[in-house]
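**Student:** What follows is each chain in one-letter form.
Protein chains: 2
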Amino acid sequence: MAESPEVDKMLADIAEDLSSGAAELGLRAINIYRHILTTDKRGLSAVKDELAAVSIKLINGQPAMAPLVNLANAILQSADKAASLEELESAGLEAADRFESRLCDSASRIAERVSKLVPSGEWVFAYSFSSTVVSSLLNARAERSPHTKLFRVVCTESRPSLEGRKLAAMLASAGLEVTHTFDSAMGLFLPNCRVAFMGVDAVARPGIVNKVGSWLLALACRELKIPLYALSGTEKFVPDDLLFSFENHERPGSEIWDAPPSGVRVVNRQFELIPFDWISGLVTEDGVLKTEADVEKYVDALNLHPALEQLALAQ
Amino acid sequence: MAESPEVDKMLADIAEDLSSGAAELGLRAINIYRHILTTDKRGLSAVKDELAAVSIKLINGQPAMAPLVNLANAILQSADKAASLEELESAGLEAADRFESRLCDSASRIAERVSKLVPSGEWVFAYSFSSTVVSSLLNARAERSPHTKLFRVVCTESRPSLEGRKLAAMLASAGLEVTHTFDSAMGLFLPNCRVAFMGVDAVARPGIVNKVGSWLLALACRELKIPLYALSGTEKFVPDDLLFSFENHERPGSEIWDAPPSGVRVVNRQFELIPFDWISGLVTEDGVLKTEADVEKYVDALNLHPALEQLALAQ
Numbered sequence: 001m002a003e004s005p006e007v008d009k010m011l012a013d014i015a016e017d018l019s020s021g022a023a024e025l026g027l028r029a030i031n032i033y034r035h036i037l038t039t040d041k042r043g044l045s046a047v048k049d050e051l052a053a054v055s056i057k058l059i060n061g062q063p064a065m066a067p068l069v070n071l072a073n074a075i076l077q078s079a080d081k082a083a084s085l086e087e088l089e090s091a092g093l094e095a096a097d098r099f100e101s102r103l104c105d106s107a108s109r110i111a112e113r114v115s116k117l118v119p120s121g122e123w124v125f126a127y128s129f130s131s132t133v134v135s136s137l138l139n140a141r142a143e144r145s146p147h148t149k150l151f152r153v154v155c156t157e158s159r160p161s162l163e164g165r166k167l168a169a170m171l172a173s174a175g176l177e178v179t180h181t182f183d184s185a186m187g188l189f190l191p192n193c194r195v196a197f198m199g200v201d202a203v204a205r206p207g208i209v210n211k212v213g214s215w216l217l218a219l220a221c222r223e224l225k226i227p228l229y230a231l232s233g234t235e236k237f238v239p240d241d242l243l244f245s246f247e248n249h250e251r252p253g254s255e256i257w258d259a260p261p262s263g264v265r266v267v268n269r270q271f272e273l274i275p276f277d278w279i280s281g282l283v284t285e286d287g288v289l290k291t292e293a294d295v296e297k298y299v300d301a302l303n304l305h306p307a308l309e310q311l312a313l314a315q
Numbered sequence: 001m002a003e004s005p006e007v008d009k010m011l012a013d014i015a016e017d018l019s020s021g022a023a024e025l026g027l028r029a030i031n032i033y034r035h036i037l038t039t040d041k042r043g044l045s046a047v048k049d050e051l052a053a054v055s056i057k058l059i060n061g062q063p064a065m066a067p068l069v070n071l072a073n074a075i076l077q078s079a080d081k082a083a084s085l086e087e088l089e090s091a092g093l094e095a096a097d098r099f100e101s102r103l104c105d106s107a108s109r110i111a112e113r114v115s116k117l118v119p120s121g122e123w124v125f126a127y128s129f130s131s132t133v134v135s136s137l138l139n140a141r142a143e144r145s146p147h148t149k150l151f152r153v154v155c156t157e158s159r160p161s162l163e164g165r166k167l168a169a170m171l172a173s174a175g176l177e178v179t180h181t182f183d184s185a186m187g188l189f190l191p192n193c194r195v196a197f198m199g200v201d202a203v204a205r206p207g208i209v210n211k212v213g214s215w216l217l218a219l220a221c222r223e224l225k226i227p228l229y230a231l232s233g234t235e236k237f238v239p240d241d242l243l244f245s246f247e248n249h250e251r252p253g254s255e256i257w258d259a260p261p262s263g264v265r266v267v268n269r270q271f272e273l274i275p276f277d278w279i280s281g282l283v284t285e286d287g288v289l290k291t292e293a294d295v296e297k298y299v300d301a302l303n304l305h306p307a308l309e310q311l312a313l314a315q
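Each protein sequence line maps, in turn, to chains B and F. Its first residue numbered 1, the first sequence is counted upward by one per residue in my numbering. Its first residue numbered 1, the second sequence is counted upward by one per residue in my numbering.
Simulated from the structure, these hints should not be mistaken for lab results. Predicted, not measured: the structure shown is a model, and the values here were computed from it. Certain hints may be false.
What the hints assert, rightly or not - Here are the simulated lysine-lysine pairs, DSS-like style, with alpha carbons at most 30 angstroms apart:
1. B:Lys225 - F:Lys290
2. F:Lys149 - F:Lys116
3. F:Lys41 - B:Lys290
4. B:Lys225 - F:Lys225
5. F:Lys149 - F:Lys290
6. B:Lys9 - B:Lys166
7. F:Lys149 - F:Lys81
8. B:Lys166 - B:Lys57
As the list claims (entries may be wrong) - Reference excerpt, derived from the structure (chain F facing chain B, CB under 8 angstroms, subset only):
9. Arg159
10. Pro160
11. Ala168
12. Glu177
13. Val178
Glycine is no exception: its CB is placed at the ideal position from the N, C-alpha and C atoms.
Just chain B, with the same shape it has in the complex (with noise of 0.2 angstroms):
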């Protein structure tokens, strides 16, 4: 339990929130830390350890979640130079702004690079649910974009949360054609699709995580020769350690299948790593990265706060 009834609130609602990509729920998890921060006037001491436990609770509730961690270690890096409770709401709330607009920042660039990928005319895949890829597939079709393209997309359902229904529904409404399926029969779709595009859970020198299905659709990729692009912001580097761990996460196997017969483990793990070979790129918003050797600057740059060294162990 957090020290307000509000933070749990908001805590819970991201753990549960299990149709979200990680961009959008980096974005919902800044409104915890402006609320302890303007709300949270125990002293200094108090609020910074609340601070890191709420941290703690987040990226817990949300494994594999990159943009949890980061914000996380924005939050707790700007909470470690302040001398007063005055400076730590501060810091605390510049942080947050200035890790908001690099979220927003990100999925406009990503956009930007993503309208000369697709291709005018053509079916377009994509999996799982991101943010990315809907604000990048809905600004290379948007009439005010240098690049209008005309394209249909092939999606699909993304057992066992389905997020790729509310893909659907996204690029639907805004007026894209958009056919979908269930996920097995991504073989036979992908063959009619000149370019395919998935989200990024998280990202480090080892390779990317994503909702499971991602190392299925890359091994189809490859092998029927369409390019694969992941979209990513850099603020979904994590550590390799950590990387590892959220790949790791498990969720009910209720889930999947709510009363299973004796003798039947239903498992549901939600994560799974495809290398960088695998996929055409890795697009962010400063460039097409396409190797760990192009990874590893960003990964070297973190430095992740002391009370966030716990994750990569605790998993």
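Starting from the structure of chain B, add chain F where the hints point.
**Tutor:** What follows is chain F alone, placed relative to chain B:
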């Protein structure tokens, strides 16, 4: 509508059954012919016409289920020679009995071969639902078998009909340890498996038609160097044209998403073609077939009754 409400009911039950495999449906369809042959006394020509009409309805209700084609073919061929209603009944029932014996005999001879392919102490992957896969795995485990093996099974749901749950339940109820997950998670579990098995709905020279997802399974097995065997009695061999028309069969999109938003087209294709060189072998009652050439002699020997020739064109 068939001539009898009982026959209509039996046809509808088979058409609506989305969780049974091809061999299982073949066994159930035999009873439709037995019913007509023993109860329809309208005269030789009327009953012959009824057998032909019911055959087309039966196969159109479950396209891609090859044993239905070969059962219908055997019955119609036997009917051609009959010069009286009595001859029709006795020749038809004999053909039905012969087909039933053939299905059961195939299953048991395939099961003997599969026993030798299951490694003791290892994980085995099984996809979709197939009565041939179930009987083969249960035989491999059975104590009376000369090749008793102790092994564990991983299987997946098989969206949208979830017939993979039936597979899991049947294997678990026989004492096998079963791990179950969603289809797109196969990439997480296959690396721990030493062999994979799938059923077959139809076979011809171009390859094997089976439940959608089989292509991704075959691709993943090839990538991970896991032997993948398709299990099929030769009663699943069909002419090449029919195989292609089977593959294109579509079911209602509402079985995937009952109320999609406007602008989202939901496509529910059920079957896909896997070329022979993507699998390690097709295990039949006659042995393990490996190439198009091995299959050719069976396909060449098929002699489709003229009443069934419309099937390849109709779909």
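**Student:** If a hint holds in the structure, say so; if it doesn't, say that too.
**Tutor:** We went through each hint and held it up to the structure:
no.: 1; hint: B:Lys225 - F:Lys290; in the structure: holds, 27 angstroms
no.: 2; hint: F:Lys149 - F:Lys116; in the structure: holds, 9 angstroms
no.: 3; hint: F:Lys41 - B:Lys290; in the structure: violated, 74 angstroms
no.: 4; hint: B:Lys225 - F:Lys225; in the structure: holds, 20 angstroms
no.: 5; hint: F:Lys149 - F:Lys290; in the structure: holds, 25 angstroms
no.: 6; hint: B:Lys9 - B:Lys166; in the structure: holds, 23 angstroms
no.: 7; hint: F:Lys149 - F:Lys81; in the structure: violated, 48 angstroms
no.: 8; hint: B:Lys166 - B:Lys57; in the structure: holds, 26 angstroms
no.: 9; hint: Arg159; in the structure: holds, 4 angstroms
no.: 10; hint: Pro160; in the structure: holds, 5 angstroms
no.: 11; hint: Ala168; in the structure: holds, 5 angstroms
no.: 12; hint: Glu177; in the structure: holds, 7 angstroms
no.: 13; hint: Val178; in the structure: holds, 5 angstroms
In the structure shown, a violation is registered for the earlier hints numbered 3 and 7, in ascending order.
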